[in-house]
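With the hints as extra help, turn the sequences into a complete structure.
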Amino acid sequence: MNNSTSSRPRSTVERVNANLTKRYAKERRFKRMGLGAIIISLMFLVLLFGSIISNGYGAFWQTYVQLEIHFEPEDLDPQGSRNPEVLSAADYGGLVKSTLRDMFPKVKKRKEKRKLYDLVSSGAAFQLREMVMSNPDLIGSTVQLWVPADDDVDMLIKGHIDRHKPESDRRVKDQQIAWVDALQREGKIEKRFNTTFFTAGDSREPELAGIHGALMGSVFTLLITLALSFPMGVAAAIYLEEFAPTNRFTDFIEVNINNLAAVPSIVFGLLGLAVFINFFGLPRSIPLVGGLVLTLMTLPTIIIASRAALKSVPPSIREAALGIGASRMQTVFHHVLPQALPGMLTGAIIGMAQALGETAPLLMIGMVAFIVDVPANMMDPATALPVQIYLWADSPERAFMERTSAAIMVLLAFLISMNMLAVLLRKKFEKR
Amino acid sequence: MQPNTQTVSSVTPLMVCTDIEPIAAHDNRKTVGEISVDNPRMSCRNVNVFYGEKQAINRVNLDIGRHEVIAMIGPSGCGKSTFLRCLNRMNDTIDSCRVTGEILLDNQNIYDKTLDVVPLRAQVGMVFQKPNPFPKSIYENVAYGPRIHGLSSSKSDLDIIVESSLHRAGLWNEVKDRLDQPGTGLSGGQQQRLCIARTIAVSPEVILMDEPCSALDPIATAKIEELIDELREEYTIAIVTHSMQQAARISQRTAYFHLGDLIEVGETNQIFTNPQHKLTEDYITGRFG
Amino acid sequence: MNKMTEGHTVKRFDDEMVFLHRLVLEIGSLAQNQLKRAVQTLNDKDPSAARDVISRDQELNDLDVQADEEFINLIVKRQPMAKDLREIITISKAVSDLERVGDEARKIAQLTIHIYDTDSSPPNKQVLRDINTMAAFVGDMLKSSLIAFDELDAPKALDVIRLDSELEEEYKSALRRLTTFVMEDSRAIGHMVDVVLGLRALERIGGHAKNIAGYVIFLITGSDVRHESVECIEKQII
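Protein chains in written order, with our numbering: chain P, 2 to 433; chain E, 283 to 571; chain S, 3 to 240.
Honestly, I wouldn't trust all of these hints.
[To be verified] Residues of chain E clear of chain P, computed beta-carbon distances all greater than 12 Å:
#1 L386
#2 E456
#3 N551
[Unchecked claim] Simulated crosslink set (PhoX-like; lysine-lysine; CA at most 25 Å straight-line):
#4 E/K560 with S/K237
#5 E/K418 with P/K312
#6 P/K312 with E/K412
#7 P/K166 with P/K116
#8 E/K418 with P/K429
Simulated from the structure, these hints should not be mistaken for laboratory data. Glycine residues also receive a C-beta, built at the ideal position from the N, C-alpha and C atoms.
Written as structure tokens, this is what we have:
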């Protein structure tokens, strides 16, 4: 009896149940693998952000040294004329130096004096000049003033310089360390929020270098890119998708757009150099040319994304509009475009983000130059954020390493705010 | 008027004459039944439709009378929808599609090179298989057609058109309190009636319906059928349907298509009780394939 | 069974149609049988067999009710169109005609009881001769009409319709003969009325056969020919 039941072919339910555990195990394995992939990528992301932030947050603080400066009328304005030319030509460096000498009267040797002067940034002199120029009444008075310390002192304070190394291996000498320690004991050294970083242009001196110039360069460049590539890209996409007949010519165009999207960006840089600078004679290093080049680079992306967005609009909507006698143009602008706009915006933002991070084409058109001034418009020479990062990463000073990371943080913040804007716009359009 | 009568008379003998095509296989292509009616609204002669190389409609001759509902039935791929779409040139949107022959709407050939397709589509409206309201408010859905065609001179004028269109589509009482809500939020049957309201808002002469009830439940279908019957008073309606019972219920004439040929056309009662062609009979009695 | 009932995509539909078709033939053969046996009882002068015929009429009635149910169900389930619809209509009408044939056969059986189950002397054999010839005649008509229905044979159905006018003549001359019998022997008038009623029943059976033949032509051609002349019908089926 038992034998007959066991030899009988098993029912479907039994056979399904036998496989069931295996199937579920497979499913669980796959789920775990997916989860693992996400965890690994998250870890990398955390690692990336962690290293950038830990390297870069220090750049938002700067060491300042307190100096008690007496604006000696004899040195600055002997005639007492308060003439701006005289005031601007005065020797503020000497003022700083004499102040330092007064603070450490024991220092006599020339070599030692130079080491002493190196404690304070060369920017201190400019700071004094600006103060006097804006307020000439300071002359004759004595002011307690915080001036930026030299980048090496900054590094020492932030603990990036190892005091136990042999003296010859470090940039800060034993004597300087002693002075800094002395100042610290007197409370004349302090770390403060680094506003210079957000307000200044580039500089050879890390403590004076800022991101503002590069940021403005990027903003101008992107404005031009957006203003040109979005309308052009959308118009091209609408024409190709809604109006163009399908024939060899449009096929050819389509293939070429897809190819262009895959062309290395440096090629666009070369093209920009040849066309905009050499042929049209536009100046080098200006955001206008940068924007034009990035427009070329972004256009294919925007066209492809916009066409995909148009394609995803259900044909029933077009039929409905055409069916009650709307012209093609009315169909597109009244019904298809509003539906496709969120998708188009996403495409545009992806293209913009790509353009924001682009370095290679900008190198070709000279936006890699060392530019101290903050550009005021799109015809001023400028550099861009990624190029600035590249330049700083290339610099030998330890302090620039910090600033590189800080600049990356600024770039990322820019990117995130751009994406947020895109999401907001999308939400708004989708609601309608 | 004059050129038209000539064309009709010059074409009609084609139908009478049986041996134009010597090929035996073409015997079946002669349409059985009376294709012409007195004083037709639309009149199709020798209509061929090609998709690229493939011929989808083969020499169809058919008149559509005034204030009648003509049903087009046939198995899938028989060309009935393609033929329907010829009637307001919706096939124009398909690049590979080519139409020959002539289709007269009130004695004007709609495939004439000089004819503008926009006013044509205002005259010959269309309702589609899937309800496809615009993703806008109910009011905007109905007002869109009159607005683009400039049929209303003022806002109050437009309000009247919208209200009367919704009334005629039997939807007014259901939506009058929520005209500003999106049309896509209505039920399937209401959406389809909204689409009908949108179509009649531009006061067309002919309404084409491409399987308007295939996505609806029986009650919604019944409402649409009732509506079609009412609309017949004012409009000419050509409807493609897969449901023979529906064709029998709502139409006065029925045309049976098979593989691109118009096999048989006649009074609906006669088609469904005593069809003359074997293919028609096999199809409507469920003996196909 | 034939091209009227088969070939549907839904095979069950075929089965149901064939079943109904066979049901008609079954009812038809039962009705024919009843007619034959009723006339036989008259010839055999056997009132008890006649009672048996009368009781068997119930069987025919039951089949009629069953057929009604079947085609109502089929209409509900399949919504027949075109020739299926005509087949259903034909069957439904043919069944009620056949049921009436059964009723007429019962009347003849009652005739037997009337004549032979009483004390009065049976009538002259001559009087009953016409019943026999006419019964044979309408039997043939009924059979032909059923064959025409089964084989969708329009010419045969037309023959039945033609035979009906012959039957009318036959009936009229039989009545005339009976009139002469009555004039010869007025005592036999009681039997004569019975015989006239029997002849009348047979004439009605012929009418039912003609009706069935008419339905068959409607089934085949789609046009209703019951009230048209034979020449007219001829034109339609050719």
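Once the closest CB in chain P is found, is it more than 12 Å from E/N551? holds, 31 Å
Below or equal to 25 Å on CA atoms is what counts here, so check E/K418 against P/K312. holds, 20 Å
Minimum Cβ separation between E/L386 and chain P greater than 12 Å? holds, 19 Å
So E/E456 supposedly isn't at the interface. Is its beta-carbon more than 12 Å from every beta-carbon in chain P? holds, 20 Å
When you check the alpha-carbon spacing of E/K560 and S/K237, does it fall within 25 Å? holds, 21 Å
For the pair supplied as a hint, P/K312 and E/K412, confirm whether the alpha-carbon distance does not exceed 25 Å. The hint holds at about 19 Å.
Taking 25 Å as the top limit, are the C-alpha atoms of E/K418 and P/K429 close enough? holds, 15 Å
Verify the proposed pairing of P/K166 with P/K116, using a straight-line Cα cut of 25 Å. Distance ~19 Å between P/K166 and P/K116 Cα, so the pair holds.
The structure shown violates none of the earlier numbered hints.
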